[in-house]
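Engineer: Here's the letter readout for the chains.
Protein chains: 2
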Amino acid sequence: MKEQPLSESRLHLRFDRLGRGLSDRVLLSPGDDMAMIGLGSSSRMLVATDQVVVGRHVRPDEDPHAIGRKAVLRNLSDVAAMAARPIATIAAASLSPRRSHDWAERLHAGLHETGLAFDAPLIGGDLATHVHEDSADVVTVTILAVPTLPLDRVISRSGAKVGDLLAVTGRLGGSLDPAGGGRHLDFPPRIEEAIELAGLLGPDLVAMLDVSDGVARDAGRLAVAGGLNVRINAATLPCNPGCGWEQAVGDGEDYELLFACRRQPPAMLHGLPVTVIGRFIEAPNAPGAVELEVDGSIRSIADLGWEHAGS
Amino acid sequence: MKEQPLSESRLHLRFDRLGRGLSDRVLLSPGDDMAMIGLGSSSRMLVATDQVVVGRHVRPDEDPHAIGRKAVLRNLSDVAAMAARPIATIAAASLSPRRSHDWAERLHAGLHETGLAFDAPLIGGDLATHVHEDSADVVTVTILAVPTLPLDRVISRSGAKVGDLLAVTGRLGGSLDPAGGGRHLDFPPRIEEAIELAGLLGPDLVAMLDVSDGVARDAGRLAVAGGLNVRINAATLPCNPGCGWEQAVGDGEDYELLFACRRQPPAMLHGLPVTVIGRFIEAPNAPGAVELEVDGSIRSIADLGWEHAGS
Chain C
29 MKEQPLSESR LHLRFDRLGR GLSDRVLLSP GDDMAMIGLG SSSRMLVATD
79 QVVVGRHVRP DEDPHAIGRK AVLRNLSDVA AMAARPIATI AAASLSPRRS
129 HDWAERLHAG LHETGLAFDA PLIGGDLATH VHEDSADVVT VTILAVPTLP
179 LDRVISRSGA KVGDLLAVTG RLGGSLDPAG GGRHLDFPPR IEEAIELAGL
229 LGPDLVAMLD VSDGVARDAG RLAVAGGLNV RINAATLPCN PGCGWEQAVG
279 DGEDYELLFA CRRQPPAMLH GLPVTVIGRF IEAPNAPGAV ELEVDGSIRS
329 IADLGWEHAG S
Chain R
29 MKEQPLSESR LHLRFDRLGR GLSDRVLLSP GDDMAMIGLG SSSRMLVATD
79 QVVVGRHVRP DEDPHAIGRK AVLRNLSDVA AMAARPIATI AAASLSPRRS
129 HDWAERLHAG LHETGLAFDA PLIGGDLATH VHEDSADVVT VTILAVPTLP
179 LDRVISRSGA KVGDLLAVTG RLGGSLDPAG GGRHLDFPPR IEEAIELAGL
229 LGPDLVAMLD VSDGVARDAG RLAVAGGLNV RINAATLPCN PGCGWEQAVG
279 DGEDYELLFA CRRQPPAMLH GLPVTVIGRF IEAPNAPGAV ELEVDGSIRS
329 IADLGWEHAG S
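Each protein sequence line maps, in turn, to chains C and R. Using my numbering, the letters of the first sequence map in sequence onto residues 29 to 339. Using my numbering, the letters of the second sequence map in sequence onto residues 29 to 339.
Keep in mind the hints are simulated off the structure, nothing from the lab. Mixed in with the good hints, there may be bad ones.
Said to hold, decoys possible - Stretch by stretch, here's where chain R covers chain C in the computed footprint (C-beta under 8 Å, at least three residues):
| hint | stretch |
| --- | --- |
| 1 | 74-82 |
| 2 | 156-167 |
| 3 | 170-183 |
| 4 | 291-298 |
Here a beta-carbon is modelled for each residue, glycine too, at the ideal position from N, C-alpha and C.
Using the sequences and the accompanying hints, generate a full structural model.
Structural biologist: Encoded structure:
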């Protein structure tokens with residue numbers, strides 16, 4: 029029997045399915061940016077975990093301080109996607125035995141200082157060394173956060189309805205391009221912007237995530253979660269300098285907020301532009317299709333070569 | 029300038045130092061089995077993270093279900109060391125691209141089923157693939173737990189005083205020996221025993237951890253944390269069948285409770301024997317020395333070849 033190759037998105041679908049209906053304490057289960065658990069009648073906590081795999085997410089010769097910082101920033105971006113406030117981080121690292129003590133100290137400094145800077149101190153961790161020098165280093169950060177919204181409100185990925193607007197903070201594209209200054213290594217997680225947005229829009233902010241895999245894939249996730257399709261107007265995409273709409277929808281690691289809302293969002297949040305880039309529409313067939321309106325014609329993201337992401 | 033080699037214990041000392049005095053919310057910081065954070069005036073949460081590195085902690089050809097189970101059990105053992113109750117787990121895995129979809133599903137099943145069995149459902153996670161096939165798989169589990177003790181009581185590693193007894197649950201040694209049935213892969217975390225012990229001994233249970241690196245090293249950790257030395261009577265060590273005192277103090281991954289108490293502990297906990305194996309003594313010089321009384325003569329653990337563990 030031929031074995032199936034590893035597919036992250038197929039496995040995530042399985043994890044999400046098994047994660048539903050776990051217990052009364054689990055208020056929001058796998059498949060969202062963070063999981064939420066209840067602690068008694070009035071206290072809730074959010075938790076998420078994210079990895080930086082050297083060679084995959086950063087170059088092997090990258091400054092270890094920047095690797096540690098990125099590992100924490102990715103998690104802080106998940107906290108922003110829930111309009112929550114971070115309170116602590118905990119880290120685990122598996123390092124190649126060829127790494128020096130100094131390298132590991134700089135990695136730790138990157139984790140520690142970034143956590144402190146965002147009121148999410150590093151409160152614990154685990155360190156292991158690989159057996160073989162050629163094994164890739166892995167840095168895993170788990171983040172704890174508390175909600176800023178009333179008990180009955182959670183901004184998950186799944187609240188969009190037909191006619192809701194799709195909007196994004198900041199500018200998109202080119203984050204992985206070395207000419208772009210290495211934004212994927214050092215970006216401001218949109219925590220304060222998300223909290224202000226949730227306050228300004230109230231219940232009209234219906235779904236949100238952070239753009240990690242590119243707007244094409246991440247808008248598809250909001251659409252799938254709402255049982256809808258989504259149509260993006262290419263001309264409205266806020267592109268970083270030197271980027272066209274292709275990079276704005278296709279490049280990953282922007283770490284901006286992508287959200288669905290029932291009325292016009294504010295034009296600015298803490299000095300950051302907010303742009304409406306599309307609208308959620310009916311899904312005649314399986315939901316999650318992302319359509320792109322370019323020069324008056326409608327094209328499917330799938331036809332443009334971006335893989336549809338299941339989760 | 030020559031670079032210093034990677035040393036887990038030296039790095040841990042640095043992490044512990046930086047982790048002190050972080051914020052009012054951090055009630056117990058790095059260096060203990062779990063970190064504790066406060067959530068408002070009456071709610072506290074414990075968190076720990078632990079990794080299973082394939083090749084280091086399990087064989088590369090091990091059943092992935094057993095790898096997932098071990099990753100959760102190691103964390104549950106940390107929860108036991110705090111006399112706490114687990115409430116949720118979150119996992120991250122970095123896998124070699126040569127692993128199959130079926131392999132990853134079995135890993136996930138091991139994580140999911142073990143968490144459920146101990147009321148700590150898997151509520152989220154992250155999956156990444158390495159770039160190179162030869163990179164070792166890493167499975168990181170973070171566990172959340174709630175205390176079972178009153179707000180003013182925490183059983184950390186650092187409560188021992190001169191004259192306190194050193195005691196251990198169950199039997200020791202041979203856990204890594206294939207003839208021992210692979211106990212390091214499947215062991216009962218002593219959660220209920222720890223909670224009962226904390227209830228029976230009350231404030232006379234003064235320090236505790238779980239035996240992960242062998243009694244020689246782990247008793248040294250309790251001694252260091254208390255600013256003391258400790259003397260173990262070899263004849264009293266409860267050995268697993270086929271093991272002598274050398275294995276009972278030197279072998280790792282027993283995952284029994286090792287604790288300091290101010291009066292005689294119960295002889296049994298939930299049918300599990302409890303044995304007093306030593307006593308904390310003054311440290312004339314740097315604390316943390318472990319002495320072993322064998323056939324009437326006192327020998328130093330350091331002289332017997334077990335590395336002194338700094339943390």
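Engineer: With reference to the structure, classify each hint as holding or not holding.
Structural biologist: Comparing the hints with the structure gives:
Using a Cβ-Cβ cut-off of 8 Å, 6 residues of the stretch 74-82 of chain C lie near chain R, which meets the minimum of three, so the contact claim holds. Figure legend: the stretch 156-167 of chain C, annotated as covered by chain R; annotation consistent (9 residues with Cβ-Cβ distances under 8 Å, at least 3 required). Check result for the stretch 170-183 of chain C against chain R: holds, 3 residues qualifying (beta carbon to beta carbon below 8 Å, three or more required). Given as covered by chain R, the stretch 291-298 of chain C fails the check, having 0 residues with a CB less than 8 Å from a CB of that chain where 3 are the minimum.
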